[in-house]
Structures are given as C-alpha cells and as structure tokens.
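Chemist: Numbered according to full-length UniProt numbering, the sequence shown spans residues 1 to 850.
Check each hint, because a few of them may be wrong.
FRET-style restraints, in silico, Cβ to Cβ [what the hints assert, rightly or not]: (1) E649 x E720: 22 to 32 angstroms; (2) M591 x K513: 55 to 65 angstroms; (3) L128 x K322: 32 to 42 angstroms; (4) E162 x Q303: 13 to 23 angstroms; (5) E352 x E304: 17 to 27 angstroms; (6) D831 x R147: 27 to 37 angstroms; (7) M45 x E704: 26 to 36 angstroms.
What the hints contain is simulated information worked out from the structure, not anything from laboratory work.
As the structure is a computational prediction, the values presented were derived from the model and not from experiment.
Glycine included, each C-beta is placed from N, C-alpha and C at the ideal position.
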Amino acid sequence: MSKSHAAEPESSTPRAGTGPRAATDTDTYDFVRIQNKWLPVWQQMNPFRADRLAGDDPKAAPDPRERRYLLDMFPYPSGDLHMGHGEAYAFGDLIARYWLQKGYNVLHPIGWDAFGLPAENAAIRRNLHPAEWTWANIETQAESFRRYAVSFDWSRRLHTCEPEYYRWTQWLFLRFYERGLAYRKASLVNWCPQDQTVLANEQVVNGACERCGATVTKRELTQWYFKITDYAERLLKDMDQLEGRWPERVLTMQRNWIGRSEGAYVDFTIEGREEPVTVFTTRPDTLYGATFFVVAPESRLAQEICAPEQREAFEEYLAQVKRTSEIERLSTEREKTGVFLGAYAINPVNGERIPVWAADYVLADYGTGAIMAVPAHDQRDLDFALKYGLPVRVVVDTGEPDPAETGIATPGEGRHVNSPVIDGLGKDEGIQAMIEWLEKQGIGKRGVTYRLRDWLISRQRFWGCPIPIIHCDSCGEVPVPDDQLPVELPDLRGADLAPKGVSPLAAATDWVKVACPKCGGEARRDSDTMDTFVDSSWYFLRYCSPGYQDGPFNPEDVRRWMPVDQYVGGVEHAILHLLYSRFFTKVLYDMGMVDFTEPFKALLNQGQVINQGKAMSKSLGNGVDLGEQLSTYGVDAIRFTMAFAGPPEDDIDWADVSPGGSLKFLQRAWRLSGDVQSEPGVDPANGDQALRKVTHRTIKDVTELVESFKFNVALARLMELTSATRKAIDSGPGPADPAVREAVEALAIMLSLVAPYTAEDMWERLGHEPTVALAGWPSYDPELATAESVTAVVQVAGKLRDKFEVSPDVTEDELRERALASEKVRNALGDREIRKVIVRAPKLVNIVPG
C-alpha cells in the first residue's frame, strides 16, 4: 500500500526474520496487557517531539517538514483528569496525530496553568500549602495524560507557578506598565465575599463568582488594571481574520462583550453643580423626549447631588441596592426601583428642568453612570416612569399607540415630532442632524463607546504571580528592575492563608519591606498577585522556546511556529481567556515582539460531557469518573466513544453512549491483524478489487471527514471497512489476499488517531516496527475511491421507509424528488401533509409530516 508524506523509513519496515504473526504473544484482545506493553515503548521512543528529525543536535539541519501547531487549552491542576478532559484531549490528539501521519512537523505541547483560586482554596481546605497541592495534582494529571496516550511533546512542559515562568509574566507586566497599559486606580470593583478577592467583569457570571458561585457585591478599592479598552476597536476589527475559522457563536459573544455603540456625548447641567454631567446616548434624536435623569445609586455623583432632605431615603435605598446582584438589577423581568434625589438637571435642547433619580437599572461602571431617560421610546425608562408618575413625551411618531396608555414603549423608526430642531426627519437623518446641532452649540459631540471595561488583574490572594511594583512614599510607584526579576513568592509554609480580604503577602513583613530601587529609602512591595488569566494570556508563546533565558520567548522560534494553527478547548473561555490572549498578542505586536495580530488561526470548541441530560454533579448523583471508565473499558474504547458520540461541538450524554460497544468494535478490528497471512510489502494491485474499492473509498472519506472535524462519521467509515474486511476474510478471497493486508494496514493507521494502543498492537502483528503513529497516512487511488453508487435512505418521521441506489453525485433536488415519488413513502405519509423535507445528499432524506 502506498503512503503519502511517509516519515522515517523504519516506521513501515518489517522486522528482519519475522512474519506477520511472529510478533503476537496472545490471540486474545486484552486492553490492560496492550496498554502496559506499549506505554513504556512510546515513552522511550518519544515519537511526538517537534523538530524530531533534528533532535538535540545543534549542528543538524532544520527539520524540513511543514510545521503545524496544535494547542489544547491549558489544564488546571485541580485534581485528576475528568470526563471533560477526556473529550477535549481526545479531539485535540486526533488532529495532532492526523497531521503527524500526513508528514507535518507537529508541535503539540503540554503544561499547567498552576496558579489561581481553585488550587489555593483546595489546599486551604486540606491544611496544605498551595504548592504541595498543586504539584501533587500536576504529577497525577501528567501520569493520566501519559496513560491516555496523548501525543504531547513532553520536552516543552511548563508550569506557570515556577519562578522561571512567572519571571517573564512580571517582565511583560512591566512592559505594559511602561506603555501606560498597566495602571492602578480606586474604583468600585466586583467583590467575591467567599473567595475574599476582586473579580474582573468577565469573571462574574449571572451575578455570581465564576469560580465559587457566590453572589458578587461591589466594593471600592484601589486595584491594578490592564487598559484593554485601548484595543477595543482592534479587537473588533481583527475578528475579520477569524471569520469562518472560529465558531460564529464565539465571535458573536466577543462582539457583544466589547459592545461597540455609536452615538453622541451630551452635557447636562445639574442645578447647583458647576461641572456638567456627560451622558452617552445612541439616540440623541430623542433628546426632546427626555423627561427625567437617572444616576447609578452607588456612584459618587449620586452622593454628591443628593439633597439633604432626601439623604436618609437615599442611604436606605443604597443599602438595598448593594444587596442586589447586577444581573438582577439588569433583568427585564424585575420591577425597577429608585429614589428621587431632590436634584434637577437641565435638558440642553429645550432648557426644561427635569428631576434626577437614583435607580437600580443604571450601573456605575457602565458608560458615565448616568442616563437621560426617554420613557416613550425605551421600555426600561417607561416602566420606571409609569411606576413613579413621571412624564411620557412622544418624540418619534412610529404609528403605534401612545406608550403612556399602553405601557409599551415604541423604540422603532418613524418621523420626529415635538422636536423643533429635527421635526419631520427620519431616524438616521434625525440622529445626524441632532449631533451636528449639539456640536455647533458646544453641548455635545459625536462619539463611540464600548461595553468593554479595563481588565482588573490584581487579586488579594497568595497563590499567584506577585506584581513587580514597589511603593515608596517619596518616589511613588517604582517598577522592580529587570535584573531583580523574578519577585518570588515567599514560602509562608505554616502561615494562615485563608482569605481575609487582603493578601496574605501583606503580613509577610520580611518580604514586603524592601529598599526603594530609586532612592534607596524604606519602601514596600505590592502585596497583591495577578489574576491567573494573565499567566495564560501568553503561555502559547513560551511553548515555542520553553527554556529561553533572554526573554519570555525566542522571537525566531515564535516566527517559526506561531500563530497556532488549531486551538481546541471549551466555549466557556470564549470571552475570558480568548479575549485576553488576543489583547496580549496585539500589545506584543505593537512592541515589535511578534509579527502577527491574532494568536489562534482556527478554534474548535467541544461540548460538555453530561449524564442523564444534566451536567455531572455529586449532588445529583450522576457523576461519572474518568479513571473508573478507563479501568473498565480501556483507554482506546473511551477515546473512541468520545469521538464517535457526535459532532465535537455537541454535548455528550454518557447515558446514551456505549463504551462497551466501542470495546467490542476494537476487539473485532484487532482480530483482523492476526488473520492477515500475506507478507509485509506485498503488492495489493492483484488483490480482490471489491475490497480494494472499499478500502480506498474509506481512506478518501476519512481524510475529508477528519479535515472537516466530522470525526464521528469518519469512525463509522472505519467500522464499515472492518466489516467488509472480515467478510473478505471469512467468505471472500481469504486472509492471504493482498487486498486484505492493504485494508488492515490502512485500518490500523487510521484507527491510530483515536485508538493508539490497539492500532500499535495491530501494526506489530502485521509485521511492522513501532510506531504506527509515524507510518504515514495512506494514499488512495481516485479511480478505486470513486463510488459507482451509494445507498440513499428515506425516513418518514424518523423511521426508515425506503432505500435505493443513487449516483454519488446526485443533487439534493433529484434526491428529494425521487424520495417523494416513492410508493412506500406515500403509504407511510397517508393523508398527512409534509411540514419539512431534510435532504443530505447522497445518503439521506428525512420527511417530517405536519
């Protein structure tokens, strides 16, 4: 059988003096024996090392193969591998092994995102130092990864909790600081009362801490931020590079999170306050309809302008609001509340005096924390106005009933009324005309705003990368000199690391007290640590040269490997990690350190592994332990089941799949390798042509299906090839036919993507030296791979009603017409109307009755 992009010659050369059966030690498929046999062989061979041909010889010529970088999302060392890991790494490994078989020089690294709250909290509960807990879990996971046979290049392994890694995280922080992209300020921040630390906006999910689930509150603190808002527009525009290569829902989530809005900034005067208050609005054309003004209760402005006679009522209301999560405050289902502040604003377009209220549906850290309320054309404002008896004035005639009477706002398009400057104009014309008028009057200007807020990176916890800033009473903020990096964490072994609202580092007096690098006087280290998402925002660059000592990465190595060709991981990181990594990459591009602006060319999201229709949970009693599944069915059967369960992006319900069935299939496939009686290297040209056609069609189909990530369908093709080969052996040309060897060799190579242990054992039984992972992807003859006909199946309401042979090139219209003309289909439909016809040419028609 011919190969494409064959790797080292010895990988497909039979061992001297052996036949195809000489290598076997038993005719019984025993996955435990097979795993124990091949794992140490692979560990000794190290076949998955990138730049494998050059190895460690500095004089060797560069590896000439085209490079591919496959990256799995960084694992957390929070315990042993779980079912989600089993799914994600099965998919990533499948792609990496396919590329290696195709002859590419593949970088597939592994490391651990080892800092952060999960490890720290778990260690505290067990009265352990976080380092002990973290390293123990890393070693447990590392052994499980090896057992799971993931094709990692272990020589590039890294851990973010090691000083040699976080030295460069600190170095990057200082470069951001020099560029004005890292800064410290006092502001209202998200506070997790359970973890006793601040959270970035992105880490608050439905009003709760994404780590522990506690309801998040607000607190005013001085914290460190990265100025990601400076890159908001580029983060949006550069998504054009990712269209068609990233899932559309991820791009949509990022666009929505960045939240670009065009409109105008408008200055309102508050009576008794010299400085105007600026609001941003996307509908400046509705200014004449602004009948009251709203500020966030927790804002400084509310405190400042509240009239003395309203102070008590306001303070009571503020306390109530602080007990309410942001998600509750913004809910459209929740009744809005507020309190009059006893203050008045002046509408700049008509000079009208309008009341100022504090209301819970306005947040302090979005926009300017103040809005003009136009109740006729905004439902939130209308709900509030009707509840508190505030005026409702229509300024856009949409042809709909008066909102004051129906309780339904009219935000649609129409002609402007009751608006002297723009009366009679449509929406778009009205917006432009109003902006021009505001700018001429000097009371407003055109603007763009974003929902995105700067990234809050400081944490009041111990187990993280120390912030390399020294605070001096004379010199202010002083960066730690580069030659003093890394600023290492003190040991603090035996100290109380429980969360207290301030970092435990603050109590480490010997560590905190330090001489100022500028003046030499007494100073103190910053005691906060960085959010772990900082560590994972650049790790993919470090993999290119993990031992590099002159910078965070070797620019030459990064030019060779980056951007990442394929990233694999969960959609839960669509905003957090992926957005931050894109931001980091753009900053590094501006610094001249990389020559690309997007870190990941393509993204594959996997679904969740659930059980009985729900997420796995101890409280629900539906948890499934990956280790137990591996012990019961074997690694290959679990990996096969993960890939066979459905499209990668779909959830896998473990109650609906059959690892036992996967194990039985692998047994059938393995037995084929022991039945082959022809010698290695035999020419299959004179073999059974019917089987050869199945083999070559399978190679063609599997190649196309793997490249389009239709892994489940690809495995179905391998099952069909296995059945056809068994039939050829038992009732066809027999086990000595060269076509049988061709089929089984192709099966072993293709099966190695998901069942590496089984495939390796098959490869040896066929008379070859290890490893099958380097055998080279089988090529196919286009003439043999062309199907003369395929069987089309017709379903009515999900039940098989007819099947017939069609050309593989049949069109959807032709297939639909033939299915609807079928007498069996007409009888199955009876008098029912057809609601929908789903056609998947050339193999399926599904008719859905009305």
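Chemist: Confirm or reject the claim that M591 and K513 have a C-beta distance inside 55 to 65 angstroms.
Modeler: Given a distance of about 33 angstroms, which is not inside 55 to 65 angstroms, the answer is violated.
Chemist: For the hint 17 to 27 angstroms, verify it against the beta carbon of E352 and that of E304.
Modeler: Given a distance of about 22 angstroms, which is inside 17 to 27 angstroms, the answer is holds.
Chemist: Okay, D831 versus R147 on CB: inside 27 to 37 angstroms?
Modeler: violated, 59 angstroms
Chemist: Okay, E162 versus Q303 on CB: inside 13 to 23 angstroms?
Modeler: violated, 46 angstroms
Chemist: Given the hint of 32 to 42 angstroms, check if L128 and K322 actually sit that far apart at their C-beta atoms.
Modeler: Cβ of L128 to Cβ of K322: about 35 angstroms, so the range 32 to 42 angstroms holds.
Chemist: Holds or violated: 22 to 32 angstroms for the Cβ distance of E649 and E720?
Modeler: Given a distance of about 24 angstroms, which is inside 22 to 32 angstroms, the answer is holds.
Chemist: Using the Cβ atoms, figure out if M45 sits within 26 to 36 angstroms of E704.
Modeler: Given range 26 to 36 angstroms: holds, Cβ gap about 30 angstroms.
Violated hints, listed in ascending order, are 2, 4, 6; each of the other numbered hints is respected by the structure.
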